[in-house]
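Undergrad: Read off the chains here:
2 protein chains.
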Amino acid sequence: MRIVEIREDVAPISSTIRNAYIDFSKMTVSVVAVITDAIRDGRPVVGYGFNSNGRYAPQGLLRERILPRLKDAPPDALLTDDQSNIDPHRCWALMMTGEKPGGHGERSVAVGTVDMALWDAAAKIAGVPLWKVLADRYRNGDADDKVWVYAAGGYYQPGKDLGALQDEMRSYLAMGYADVKMKIGGDSLAEDLRRIEAVLAVVGSGEHLAVDANGRFDLETALAYGDALAPYGLRWYEEAGDPLDYEIQAELGRRYPLPLATGENLFSMQDARNLLRYGGMRPDRDVLQFDCALSYGLVEYLRTLDAMADLGWSPRRVVPHGGHQMSLNMAAGLGLGGNESYPGIFQPFGGFADDLPVENGYVGLPQTPGIGFERKPVLMEVFSRLSA
Amino acid sequence: MRIVEIREDVAPISSTIRNAYIDFSKMTVSVVAVITDAIRDGRPVVGYGFNSNGRYAPQGLLRERILPRLKDAPPDALLTDDQSNIDPHRCWALMMTGEKPGGHGERSVAVGTVDMALWDAAAKIAGVPLWKVLADRYRNGDADDKVWVYAAGGYYQPGKDLGALQDEMRSYLAMGYADVKMKIGGDSLAEDLRRIEAVLAVVGSGEHLAVDANGRFDLETALAYGDALAPYGLRWYEEAGDPLDYEIQAELGRRYPLPLATGENLFSMQDARNLLRYGGMRPDRDVLQFDCALSYGLVEYLRTLDAMADLGWSPRRVVPHGGHQMSLNMAAGLGLGGNESYPGIFQPFGGFADDLPVENGYVGLPQTPGIGFERKPVLMEVFSRLSA
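Which chain is which? The protein sequence lines are A and B, in order. Start counting the first sequence at 1; every next residue gets the next number (this note's numbering). Start counting the second sequence at 1; every next residue gets the next number (this note's numbering).
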């Protein structure tokens, strides 16, 4: 078999939401289709990918550098030795040809987007779900049959009062989620505490609520919030300071006794490893949120998991950012701790298979070959326009 | 006054050279022209910028995000309070609107490229050289009248033997350089030592030669090279390991007694600060090579210099990567330790004013308003096509 063509396009995922750092009024996402000549069920296999929210569509990079390198390579160089399937590791090395080390942003999103589509195609050609490919290859076949997911929302929006925030959280519980996340740091501490208490009244107790400052705080503010948050016993306190300010993270970890979370804005194994080396993160309680679709894809993620293991971290401490099905497959196949979910936003890219409901905070895995996008028709509509 | 238009284009700077990490066969550079309606010497002021070598032209990012944000802003928002000139700091904040923290690559190049053109225009509108603008604004008018520069070359090239390497270095000395740099790590240690000894035979002693591994080495190799290099008493040993692997840097610094250099692949204040916090760099001897044209420009560089000062570092320890006139102005105006120079390569972007020769390893500063590009006609030809 061989890859016949790789197409890409940009789709908007703009909305009126904002976190403590940016608004999403101009947010876009790249979608990629890897079209092969492998025939399954009578049709050519096509793998799909998209980049995660919070970073913009890397269309220029895909067109200027990443896709031409795959296109210009000998077709066999993208495949396994027996040429029966795509080899995402070999494709990764080709995509990164001529790239200097360091500077891990944007191109990490472009590579991650294509990597998703390559793994989707590879699993479809193998005729099995991606979570099973990963479990068989990297975990002796030991796959989880369900994954803990939490509903990430609670954004700031014009005109959204405490009642609307509570209604939002009630809707997540009604969908089957047991745990939710909300934004903080976009308002005063006093107002954020009112918002937190309003949500706690809905979800019952702190273990069901995580809060996310999106990297907005300086050290003083991070600590002040930590002191104020500690009595609530929250699930976790996320991204207090700048994602690269490991000193803030370490200081906060020395003072705040409960779980901290960060990592969604670290886009390489090296950056992730630096967080673990210098950020004072505690392997017995803290949560790492690296997102493959922003950070060079699954191929690099395996390196990150290896670096974590070297430093004494279990993959169960990882709960990826992004709320996409790629990370859901990785969670089940590689034994991660769970996955983010955006039930209400970033559609049609957020959320999982339509026919696999969330139950008691867990979601099952589709048996469909590939990542399982075909079980989410509204997403397949976007993809189908690309591969038609 | 106001900015009338910002244009951009891509120019090739491809060559057959390679370092230990990449070849430059497909290297490109973005050029930007900031066209204003301010009239000086009877003509509208135009500021020019380009990105530094080693990273590719960020055309997609410029077109998709960075330039539209400037264009869509109210024209006054790009200017000083009295609207008499461009305010690069305000422009910077506009260019970064909607950008999350972390992930400092690519967009840092796009912003750095525009930042260069904005400062060039701002200094031209002020009617003074940029180095003087900087000295007056940030250093009580205290500008250096010449800057130490070294000739960076010694790349690996097909068919280049020791004699050709020596001829190259002789040509740099003939141009007025006293100090040179060569690549290592693209061959065996034994062969690299032969290359080093061949160059030492030309330049006289180790203090006149720096070596650059371009981030290729693992810890073991970095230390082995360090042990073998130490007896030569080299000017510095540059970028031994991955630029984000601060542990390799720190280990090497504990063992190698002479100056180490790194930083060209760290693209933000946060990344630079992490190097100083965790990389074991020694403020009494080591060299920092942050390049404004790859790392969000001069506006961010001022933050980096502040972070350095907080950690006890003098700006004299900074010798920027890139060999461009922007860094030359910053070196003279902000009191840096020198500047890289590529006499033979990356033309027409490398090198300084044609009529200011290098003498005894130092180069003078042009009195021309702006960065001084107008004193390098071959570069102005490229720029002029953009602004015609």
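In case anyone wonders, no lab produced these hints; they're calculated from the structure. Don't take every hint at face value.
Copies of the same chain are indistinguishable here, so a pair counts whether it falls within one copy or spans any two.
[What the hints assert, rightly or not] The calculated PhoX-like cross-link candidates involving lysine-lysine, where the alpha carbons are at most 25 Å apart (straight line), are:
hint: 1; residue 1: K160; residue 2: K146
hint: 2; residue 1: K160; residue 2: K100
hint: 3; residue 1: K26; residue 2: K132
hint: 4; residue 1: K100; residue 2: K26
hint: 5; residue 1: K132; residue 2: K146
hint: 6; residue 1: K71; residue 2: K26
hint: 7; residue 1: K146; residue 2: K26
hint: 8; residue 1: K71; residue 2: K100
hint: 9; residue 1: K132; residue 2: K160
hint: 10; residue 1: K160; residue 2: K71
hint: 11; residue 1: K132; residue 2: K100
hint: 12; residue 1: K146; residue 2: K100
hint: 13; residue 1: K71; residue 2: K146
hint: 14; residue 1: K132; residue 2: K71
Undergrad: Between the shortest in-copy and the shortest cross-copy C-alpha distance, which are at most 25 Å for K71 and K100: within, between, both, or neither?
TA: within (21 Å within a copy, 31 Å between copies)
Undergrad: Given a CA cutoff of 25 Å, do K71 and K26 count as a within-copy pair, a between-copy pair, both, or neither?
TA: Answer is between; shortest inter-copy Cα gap is 15 Å, intra-copy 30 Å.
Undergrad: Should K100 paired with K26 be assigned to within, between, both, or neither, using CA atoms and 25 Å as the limit?
TA: Between copies only: 13 Å across, 30 Å inside.
Undergrad: Which holds for K132 with K146 at a C-alpha limit of 25 Å: within a copy, between copies, both or neither?
TA: For K132 and K146, only the intra-copy Cα distance (13 Å) is at most 25 Å; the inter-copy one is 64 Å.
Undergrad: Which holds for K26 with K132 at a C-alpha limit of 25 Å: within a copy, between copies, both or neither?
TA: neither (36 Å within a copy, 39 Å between copies)
Undergrad: Within a copy, between copies, both or neither: which one fits K71 and K146 at a CA-CA cutoff of 25 Å?
TA: Cα proximity of K71 and K146: none, with 37 Å in one copy and 48 Å across.
Undergrad: For K132 vs K71, is the C-alpha pair at or below 25 Å within one copy, between two copies, both, or neither?
TA: Classified as neither; 29 Å inside a copy, 49 Å across copies.
Undergrad: Are the CA atoms of K160 and K146 at most 25 Å apart within a copy, between copies, both, or neither?
TA: neither (33 Å within a copy, 59 Å between copies)
Undergrad: Checking an output row: K146 and K100, CA cutoff 25 Å. Within, between, both or neither?
TA: Neither way: K146 and K100 sit 39 Å apart in one copy and 32 Å across, limit 25 Å.
Undergrad: Between copies, within a copy, both or neither: which fits K146 and K26 at Cα up to 25 Å?
TA: neither (34 Å within a copy, 46 Å between copies)
Undergrad: For K132 vs K100, is the C-alpha pair at or below 25 Å within one copy, between two copies, both, or neither?
TA: Neither, since 34 Å and 34 Å both go past 25 Å.
Undergrad: For the identical chains here, do K160 and K100 meet the 25 Å Cα criterion within one copy, between copies, both, or neither?
TA: Between copies only: 23 Å across chains, 45 Å inside a chain, cut-off 25 Å.
When the structure is compared with the earlier hints, violations turn up for hints 1, 3, 7, 9, 10, 11, 12, 13 and 14 and for no others.
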